[in-house]
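What follows is the residue order along each chain.
There are 2 protein chains.
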Amino acid sequence: MLKDFVKAELPDEEELKSKLKEERARLSASQMKIKEAGLPVMVLFEGWNAAGKGALIGKVIRNIDPRFFKVATMDREPSPEEKRYPFLYRYIKEIPEAGKFRFFDTCWMEEVVDGVLDKKLTEDIYQKRVHSINVIERQLCDNGYLVIKFFFHISKKEQKKRLKNLQSSKDTSWRVDKDDLLQNKHYDRCLEVFEKYLSDTNQSRAPWYIIDATDKKWAELQVLQFLNQGIDIALKNQKMNVPILQNTFPLEKIVKLSEIPLDDKTVSAAEYDAELERLQKELKDLGNKVYRKKIPVIIAYEGWDAAGKGGNIKRITEALDPRDYVVEPIASPEPHEKARHYLWRFWTRLPKTGHITIFDRTWYGRVMVERLEGFCSENDWQRAYNEINEFEKELTDWGAVIIKFWVQIDKDTQLQRFNDRQNTPEKQWKITDEDWRNREKWDQYEGAIDEMIAKTSTTFAPWYVLESVDKKYARIKALKIVIEQIKKALE
Amino acid sequence: MLKDFVKAELPDEEELKSKLKEERARLSASQMKIKEAGLPVMVLFEGWNAAGKGALIGKVIRNIDPRFFKVATMDREPSPEEKRYPFLYRYIKEIPEAGKFRFFDTCWMEEVVDGVLDKKLTEDIYQKRVHSINVIERQLCDNGYLVIKFFFHISKKEQKKRLKNLQSSKDTSWRVDKDDLLQNKHYDRCLEVFEKYLSDTNQSRAPWYIIDATDKKWAELQVLQFLNQGIDIALKNQKMNVPILQNTFPLEKIVKLSEIPLDDKTVSAAEYDAELERLQKELKDLGNKVYRKKIPVIIAYEGWDAAGKGGNIKRITEALDPRDYVVEPIASPEPHEKARHYLWRFWTRLPKTGHITIFDRTWYGRVMVERLEGFCSENDWQRAYNEINEFEKELTDWGAVIIKFWVQIDKDTQLQRFNDRQNTPEKQWKITDEDWRNREKWDQYEGAIDEMIAKTSTTFAPWYVLESVDKKYARIKALKIVIEQIKKALE
Numbered sequence: 001m002l003k004d005f006v007k008a009e010l011p012d013e014e015e016l017k018s019k020l021k022e023e024r025a026r027l028s029a030s031q032m033k034i035k036e037a038g039l040p041v042m043v044l045f046e047g048w049n050a051a052g053k054g055a056l057i058g059k060v061i062r063n064i065d066p067r068f069f070k071v072a073t074m075d076r077e078p079s080p081e082e083k084r085y086p087f088l089y090r091y092i093k094e095i096p097e098a099g100k101f102r103f104f105d106t107c108w109m110e111e112v113v114d115g116v117l118d119k120k121l122t123e124d125i126y127q128k129r130v131h132s133i134n135v136i137e138r139q140l141c142d143n144g145y146l147v148i149k150f151f152f153h154i155s156k157k158e159q160k161k162r163l164k165n166l167q168s169s170k171d172t173s174w175r176v177d178k179d180d181l182l183q184n185k186h187y188d189r190c191l192e193v194f195e196k197y198l199s200d201t202n203q204s205r206a207p208w209y210i211i212d213a214t215d216k217k218w219a220e221l222q223v224l225q226f227l228n229q230g231i232d233i234a235l236k237n238q239k240m241n242v243p244i245l246q247n248t249f250p251l252e253k254i255v256k257l258s259e260i261p262l263d264d265k266t267v268s269a270a271e272y273d274a275e276l277e278r279l280q281k282e283l284k285d286l287g288n289k290v291y292r293k294k295i296p297v298i299i300a301y302e303g304w305d306a307a308g309k310g311g312n313i314k315r316i317t318e319a320l321d322p323r324d325y326v327v328e329p330i331a332s333p334e335p336h337e338k339a340r341h342y343l344w345r346f347w348t349r350l351p352k353t354g355h356i357t358i359f360d361r362t363w364y365g366r367v368m369v370e371r372l373e374g375f376c377s378e379n380d381w382q383r384a385y386n387e388i389n390e391f392e393k394e395l396t397d398w399g400a401v402i403i404k405f406w407v408q409i410d411k412d413t414q415l416q417r418f419n420d421r422q423n424t425p426e427k428q429w430k431i432t433d434e435d436w437r438n439r440e441k442w443d444q445y446e447g448a449i450d451e452m453i454a455k456t457s458t459t460f461a462p463w464y465v466l467e468s469v470d471k472k473y474a475r476i477k478a479l480k481i482v483i484e485q486i487k488k489a490l491e
Numbered sequence: 001m002l003k004d005f006v007k008a009e010l011p012d013e014e015e016l017k018s019k020l021k022e023e024r025a026r027l028s029a030s031q032m033k034i035k036e037a038g039l040p041v042m043v044l045f046e047g048w049n050a051a052g053k054g055a056l057i058g059k060v061i062r063n064i065d066p067r068f069f070k071v072a073t074m075d076r077e078p079s080p081e082e083k084r085y086p087f088l089y090r091y092i093k094e095i096p097e098a099g100k101f102r103f104f105d106t107c108w109m110e111e112v113v114d115g116v117l118d119k120k121l122t123e124d125i126y127q128k129r130v131h132s133i134n135v136i137e138r139q140l141c142d143n144g145y146l147v148i149k150f151f152f153h154i155s156k157k158e159q160k161k162r163l164k165n166l167q168s169s170k171d172t173s174w175r176v177d178k179d180d181l182l183q184n185k186h187y188d189r190c191l192e193v194f195e196k197y198l199s200d201t202n203q204s205r206a207p208w209y210i211i212d213a214t215d216k217k218w219a220e221l222q223v224l225q226f227l228n229q230g231i232d233i234a235l236k237n238q239k240m241n242v243p244i245l246q247n248t249f250p251l252e253k254i255v256k257l258s259e260i261p262l263d264d265k266t267v268s269a270a271e272y273d274a275e276l277e278r279l280q281k282e283l284k285d286l287g288n289k290v291y292r293k294k295i296p297v298i299i300a301y302e303g304w305d306a307a308g309k310g311g312n313i314k315r316i317t318e319a320l321d322p323r324d325y326v327v328e329p330i331a332s333p334e335p336h337e338k339a340r341h342y343l344w345r346f347w348t349r350l351p352k353t354g355h356i357t358i359f360d361r362t363w364y365g366r367v368m369v370e371r372l373e374g375f376c377s378e379n380d381w382q383r384a385y386n387e388i389n390e391f392e393k394e395l396t397d398w399g400a401v402i403i404k405f406w407v408q409i410d411k412d413t414q415l416q417r418f419n420d421r422q423n424t425p426e427k428q429w430k431i432t433d434e435d436w437r438n439r440e441k442w443d444q445y446e447g448a449i450d451e452m453i454a455k456t457s458t459t460f461a462p463w464y465v466l467e468s469v470d471k472k473y474a475r476i477k478a479l480k481i482v483i484e485q486i487k488k489a490l491e
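Residue numbers (the working numbering), protein chains in the order written: chain H, 1 to 491; chain X, 1 to 491.
Any given hint might turn out to be false.
Examples of chain X residues toward chain H, derived with CB under 7 Å [to be verified]:
id	residue
1	138
2	204
3	236
4	240
5	243
6	244
7	245
8	246
9	248
The hints are simulated quantities; they were obtained by calculation from the structure and are not laboratory data. Every value quoted in this text rests on a predicted model; they were computed, and no experiment measured them. All C-beta atoms in this analysis are idealised placements derived from N, C-alpha and C, irrespective of residue type, glycine included.
Sequences are here, hints too, so could you generate the full structure?
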């Protein structure tokens, strides 16, 4: 892309001026359209050092009200804290919300190409990174984001000239560092690595725009034109259904909820006490090992109302060091969460390495409550199975242990527990009208859950059903599975 | 993808049998659904030699009525005739029509990986091929095709065993050739090249399925499951609007039709005669050179009714050797053309190298008559600008000269010519009710044409306007442009 890059023709001074004026006004006018349409706009600036990315971002934002944009300046190297999260984490944290612009002064490209140039990334890891980036960019587009990617291109000679100019003045010489000079020295090698990355990540929905950055005004015009064009197209594409993708993830065979025997899944009080003590002791040990070996652990709980999730979670956490785990209760999304990709609030709640996060309800809300209550479109939840599988694949590739529990009871048991809650003053806070309303939709939920388990029981993140008519049985089973999976990861 | 390929677990004999039965019936049942929905299904079988692709195609088609499928068996090497067309040509010729299956016993992958292994393809050409394949697969999906890609995977040891078995019997030894043995000998090198290709072409809408082909029944089950799953999803996705892509092609600045002066574009009779003779002589010469240098030339005519396309074309063809050119008059598509990707009837009418094809009306019908008469959906024609630019880029990359003419007259001139046709008995066949109806929509057409010219005047295939109030002027201008463009290509 860079080697055979055909420079567009630089317009003459007069034309450049009038076009710049026109495109600036166009961008200015589109901010309200974006706001009204709730379009999130993510603009990635990448390119050669000293190509003028930062200065150009400064020019672009002059046309936008400060309430409608933010600039994310990403450090070349992730901080030690950020390194304890998946590679994409520090970028995903920064994605814009609906109706707003977010400009990235370098994004995931820089970290990856730097890794290749510094020989910190093997070819295998490079391929994985590229895959992760392609997946997340596609997911963002599918979820209504406009993703615009600019690569600022200057020649070796031009870069050298600019670096010299910067060095020649005291006011600017601090801006030139060793990396800049090294990049110019090894320009051809960098070109090759950039070229490969650009072609590896040049997706149809999120294509690269190569910006000829030799002339600054001309660069500004190109950026504005592409940005404005992208906005027009994105507004047209809004609310459009997106094709469901074929599933390519290996799936486990799973039985239907109605076929799971519940009655014989009990444990005696004596056995429970003994087992609980033994298992919690074992888990405590493993928790320490997980911490020392820096393994991230994600435990996800879903289940019927009153199935016993809370008590089950408690038996896990009792065994753990409070500094090492966090329980994340998931309710309906807040406005700032709703305004972003629906997985964003889970991405930002991930454990860091060596830590355990227990989700009390999860991202599967998308294909259960959000599906059945119409909080998202049919296309949204149908797409979500694959998006969730991709999300969990990303996490297991990172090295996380993912354990997904479905806490299962039958309809009669739920009624009994609801009545018990209703009739016991100190438990009344646990039962709401909504619980009763959800109960009326039991059969619909059961269908949705069967579909969910069938489509998301991947070999790398399968579902485990906890039979919880006898809550004690479910707790013992959960502990055993957590222990087993952590042990496997420690091997 | 192949190196870290995790084999799914082989089911036990009993389960395998019952599942096979189920999936065969499912495929059998879906053929009528596919027919009714008008879904074209393209299934690509690629993989190691002796992995059992052919045999498995034989098993799959047993479940389908012969009226609903065809098998395209592609030779490893294109024929000398096929080599005179773009790389994709011989495959695109074979794409299925709506409602039918087409199974490819190897497709574009084999030719490309063979090229890399034989060192016939440089890295640059390989990248171009991969790009072309990704574009056409995406276009097919966007245009309602289901594209399913299988890679049949066996180990080096398994392949060796199979080749030995085949060689050991007189009935089958002919099936093992030098290439098979070479592939086994250089298995690791092949693996690397395959791996790269698979990852380079693993698109979200057309992903690869790696089939563990060690056990034949198990391979059949996997193929049927993925195929059936793909069909279900494709039926759900049918008639869905597809996002419009951002334009990344460099565009030329073009004025609006209404801003093009027409009156002063005339030529005297004497000048015309002299120029015509001179230019036709020059073009004749160039036609021979084009033939000898094996350059393909595509001349595309669009323009208002009665603008003078026919006479203009005649002045070009008069200068050419009848063996070297063909004029393709384009009317509304026939049923077998309508049943395929709308560019298919143009792909299959391309000139071979050294030849000239003149299209009297073109693929731009999509964004003019089909758009305005509602013969395609809004989403279809909005997507078409980019698809057409991609098509023309493919052709120029192949080495073709593309010249696109818009033959322009004003509304009054058209009326005059219509009346003249109506009132002259020997010209009456040239005027139909449809012409009058189209004329009523002049303004709508003008808007569509302005948009078309603005969005498809790429730097590699720009539009040329022929001012044709004075037909003679337009003819001279056309000849000059054709000469100029061919000369440029001969340089």
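Cross-check of the supplied hints:
1. A cut of 7 Å between beta carbons decides the hint on residue 138 of chain X: the least distance to chain H is about 6 Å, and the hint holds.
2. Hint status for residue 204 of chain X relative to chain H: holds, with the closest Cβ pair at about 5 Å, below 7 Å.
3. Taking 7 Å as the C-beta cut-off, the interface hint given for residue 236 of chain X holds, the closest approach to chain H being about 6 Å.
4. The beta carbon of residue 240 of chain X comes within 5 Å of a beta carbon in chain H, closer than 7 Å, and the hint placing it at the interface holds.
5. A cut of 7 Å between beta carbons decides the hint on residue 243 of chain X: the least distance to chain H is about 4 Å, and the hint holds.
6. Below 7 Å, beta-carbon pairs count as interface contacts, and residue 244 of chain X has one with chain H at about 5 Å; its hint therefore holds.
7. At a threshold of 7 Å, the smallest CB-CB gap from residue 245 of chain X to chain H is about 6 Å, leaving the interface hint in force.
8. For residue 246 of chain X, the interface hint holds, since its Cβ comes within 7 Å of a Cβ in chain H; the closest pair sits about 5 Å apart.
9. Against a cut-off of 7 Å between C-beta atoms, the interface hint on residue 248 of chain X holds, since the closest Cβ of chain H lies about 5 Å away.
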